[in-house]
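J.: Residue-level listing of the chains:
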Amino acid sequence: MAKINTKFGNEISKYGAVNFRACYNCGNCTAVCSLSTEEVSFPREMVRLSAIGFEDEIKASLKPWECYYCGECSTHCPQEANPGELMMSLRRYLTSKYDWTGLSGLLYKSLPISIIAFIITLIGVLWFAGSVGYELEKMIHFGHMFEMIAIAAVGVFILMPNVARMWYYTILKPKTKVSIAKYVKSMGELFIHMFTQKRALGCDDNQFRWFEHFVLVIGYLSLLFTTVFLNWFASPYLFVIILGYVMSAIVFVVTIDFVSSRMKRNKEVSKYTQPSDLFFVIWLFLMGLTAFLVRLFIDLDILEGNKWLYLMHLIVLVQWALIIVPFGKWTHFMYRSFAMYFAKLKEK
Amino acid sequence: MEKNIDKTSYDALVIGAGIAGGEAALNLANTGYKVLLVDKELSVGGKMIMLSKVFPTLDCSACITTPKVSEISRHSNITIFTGAQASNIRKIGEKEFTARINKQPRYVHIEDCTSCQLCEEACPVSVSDQYQYGLIGRKAAFIPFSICSPKAAAIDIENCTLCGACERACPTNCIDFTMEPEIIDIKVKTVVLATGFKLFDPLDIPRYGYGKFKNVITAMQMEREIAPTRPFNTILRPKDGKVPDKIAYVLCVGSRDASVGNPICSQICCMYSIKQAQLLMGALPMADVTIYYINIRSFGKGFEEFYQQAKGMGVNFVKGKIGRITEKENGNLILRYEDINSGKLQEEEHDMVILSTGVLPNEGISELFEGDTLGLDKFNFIGQSDALAGPSRTSIDGVFVAGTASGPMDIPDSILSAGSASSEAISYLIQHS
Chain A
13 MAKINTKFGN EISKYGAVNF RACYNCGNCT AVCSLSTEEV SFPREMVRLS
63 AIGFEDEIKA SLKPWECYYC GECSTHCPQE ANPGELMMSL RRYLTSKYDW
113 TGLSGLLYKS LPISIIAFII TLIGVLWFAG SVGYELEKMI HFGHMFEMIA
163 IAAVGVFILM PNVARMWYYT ILKPKTKVSI AKYVKSMGEL FIHMFTQKRA
213 LGCDDNQFRW FEHFVLVIGY LSLLFTTVFL NWFASPYLFV IILGYVMSAI
263 VFVVTIDFVS SRMKRNKEVS KYTQPSDLFF VIWLFLMGLT AFLVRLFIDL
313 DILEGNKWLY LMHLIVLVQW ALIIVPFGKW THFMYRSFAM YFAKLKEK
Chain B
473 MEKNIDKTSY DALVIGAGIA GGEAALNLAN TGYKVLLVDK ELSVGGKMIM
523 LSKVFPTLDC SACITTPKVS EISRHSNITI FTGAQASNIR KIGEKEFTAR
573 INKQPRYVHI EDCTSCQLCE EACPVSVSDQ YQYGLIGRKA AFIPFSICSP
623 KAAAIDIENC TLCGACERAC PTNCIDFTME PEIIDIKVKT VVLATGFKLF
673 DPLDIPRYGY GKFKNVITAM QMEREIAPTR PFNTILRPKD GKVPDKIAYV
723 LCVGSRDASV GNPICSQICC MYSIKQAQLL MGALPMADVT IYYINIRSFG
773 KGFEEFYQQA KGMGVNFVKG KIGRITEKEN GNLILRYEDI NSGKLQEEEH
823 DMVILSTGVL PNEGISELFE GDTLGLDKFN FIGQSDALAG PSRTSIDGVF
873 VAGTASGPMD IPDSILSAGS ASSEAISYLI QHS
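Going down the list, the sequences are from chains A and B.
Numbering-wise (our numbering), the first sequence opens with residue 13 and increments by one.
Numbering-wise (our numbering), the second sequence opens with residue 473 and increments by one.
Simulated from the structure, these hints should not be mistaken for laboratory data.
This one's a predicted model, so the numbers in the text were calculated from it and none came from an experiment.
The beta carbon of each residue, even a glycine, is placed where N, CA and C say it ideally should be.
Incorrect hints may have been included.
[What the hints assert, rightly or not] Sample of chain A residues lacking proximity to chain B, with all beta carbon distances greater than 12 Å (derived):
no., residue
1, V44
2, V52
3, G117
4, I152
5, A176
6, V229
7, I335
[Claimed, not checked] Label-pair restraints from in silico Cβ distances:
no., chain 1, residue 1, chain 2, residue 2, range
8, A, K15, B, E835, 46 to 54 Å
9, A, N278, B, D648, 37 to 45 Å
10, A, Q219, B, G803, 27 to 35 Å
11, B, D676, A, D217, 14 to 22 Å
12, B, P678, A, N31, 21 to 29 Å
13, A, V227, B, E835, 20 to 28 Å
14, B, E821, A, N31, 40 to 48 Å
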């Protein structure tokens, strides 16, 4: 018999939940949600589980990931209990529960710790740059090496174990029986959702937001590919150079809208923006912008005289790769896609 | 009629001639005080006179109201102004209030009208009938409703084309287009506010489709459909006139809902919906009636038994607030809700939906006062200066509140409240003499 844990509410509030304990269980949120179905009904169930603090049930649930936060539930909630923001907070909470290092939780819950982490990485990069005498060629070489090593290391040591933990919590621990054949057959679901986020189209009036997000994901992934595997900054090929320009431009242009809507806080989805949400979009913006300028300066042959620009790019890159990707909001890219995959596995 | 009173001086001004105002006026008049009773509508009786039956006794509402209304109308100590509004109420001393009455012309001399309805027949203008809550139409020259008081025609001048057909048809020549608005300055010794409530307008919740889907109606419209003086003489759904056989009630429409600005319970919707459900089961024995609720609040004497009786009769109760209503091509409606007992999202088809709309305060009551400020509570009902020791007292000594003007309540509570307000007013009149 599970025990009610009312303290859980305080814990989840640290992840950004507001006023969800005002819920009087009318189910209006579930009924207005366009993604909710008879088989998978939310968000009220998650509000209830949070109110009574059933952590195991919450950890076993994929529902927080099945919500794409249109905000209708919060707009129409008769108790102003903000079920939409609770779902968002649960995603942050789950991210930190999946993370075996525990760092995600620290960074989500504490702004000072996040800032310290950003400062430490900043000092680290400056120290390194100093140790190579701020030589541009060495810095660029290191930057490229760093990218490849960081991707491999973060992938192997952080992201893969964390996805495995997610699988353990949601499939293995609740004793869901899934045949090997089903794992293979449902695999398509994982990639479809990873690259299209098509479920977000089910939200009301969400076409534009989905399109922006879709373009951003494609732009980001292509930029990653261009810089890491095609070595954009050192590439002599015109096609690669132009591709890099286009992709980096897409990233910083689209993120302008994301950053400004997060700043304005005028929509249900941005009203309760947490620092972690802002870091994510601002760093994406900075990544795109600095990468674009670095290549531009290379082509104009003025980077040698403006080493600071590359140094800035390197700082943003390192902070992105060591903080935001493994422990920050970047992980939703993984968890959302795997959640759709696991949800398919759970289907009868 | 010879009346030995000064036409501009009264003991008490009672604003609102619904069941609370009527009761308060009667108590004051029976004690010997001269009362001026004003109501902005063309008839006294308020909302209660329009209702079908009352809960939990299922007594006929009109049969309780009309004797009271006729007693008020005939009382020698009560002067009634209908189509009139009070304003500029100012306290100039103990037991000394001045006020201004704005009386809109009815364009009919009430005392000459025999309510023969020949003007109605002659009038070429058809508009929506506000006394039947838009279910049917009426003419611009019209008798407000069959049991109205005073029972006399009135001209709806805003919609009138001034063709003069009614004037020519009237056998008693009681129609008079030369009538002007009257302004009467009066002096009174005490004021009783019985300004009642207004119903939530479901157009403010577009996802319920009211106004767009014809078969979504309000409970007040259903109240008219099942009242003894009902317009259709049976229960019909508006879109195609079909007799409904699967009816849904949506509770808490505009009450207990902070997203539309009214976080409090209206106290009457659960019970009037249960009452209507029982009446519908009687009127349409083959119909299914389902009530979708958040919580059933049956807190009064005999209320829980009344709720159990409805269950026993086969009324279906489903826990879950309706989130969205969509219309099918045949006019049936799909209701989307979470069945709280199973935790599952459900969709259910009904052929008629009744929105049990909540109780809201009437606006602009404090603006009627000059000098002293009439305090409102945080929900904009008239503030009770001491809700426990003197629930009828307001922030102005000598001004009392009766009925739903002070907050949502049912009919028995409104009458009790009117009793309290009139006693307080009488005590005020005696104390300061």
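J.: Evaluate each hint against the coordinates.
T.: Status of the hints after comparison with the structure:
1. For V44(A), the non-interface assignment is contradicted: its Cβ lies about 4 Å from the closest Cβ of chain B, within the 12 Å cut-off.
2. Listed as outside the interface, V52(A) is inconsistent with that label: its C-beta sits roughly 8 Å from the nearest C-beta of chain B, within the 12 Å cut-off.
3. Once the 12 Å rule is applied to beta carbons, G117(A) is consistent with being away from chain B; the minimum gap is 29 Å.
4. The claim that I152(A) lies off the interface holds: its Cβ sits roughly 55 Å from the closest Cβ of chain B, which is beyond the 12 Å cut-off.
5. Every CB of chain B is more than 12 Å from the CB of A176(A) (nearest about 29 Å), matching its label as outside the interface.
6. With a closest Cβ-Cβ approach of about 29 Å to chain B, V229(A) is found to remain outside the 12 Å limit, as its non-interface label requires.
7. Here I335(A) stays apart from chain B, with its beta-carbon at least about 38 Å from theirs, past the 12 Å limit.
8. Taking the beta carbon of each, K15(A) and E835(B) are about 49 Å apart, inside 46 to 54 Å as hinted.
9. For the pair N278(A) and D648(B), the beta carbons lie near 57 Å from each other, so the given range of 37 to 45 Å is not met.
10. The hinted range of 27 to 35 Å is satisfied by Q219(A) and G803(B), whose Cβ atoms lie roughly 30 Å apart.
11. At roughly 20 Å, the beta carbons of D676(B) and D217(A) sit within the given window of 14 to 22 Å.
12. Between P678(B) and N31(A) the beta carbons are some 25 Å apart, a value that agrees with the proposed interval 21 to 29 Å.
13. A hinted range of 20 to 28 Å for the beta carbons of V227(A) and E835(B) is inconsistent with their spacing of about 49 Å.
14. The beta-carbon spacing between E821(B) and N31(A), approximately 35 Å, falls outside the hinted interval of 40 to 48 Å.
Comparing the model with each earlier hint shows violations of hints 1, 2, 9, 13 and 14; every other hint is respected.
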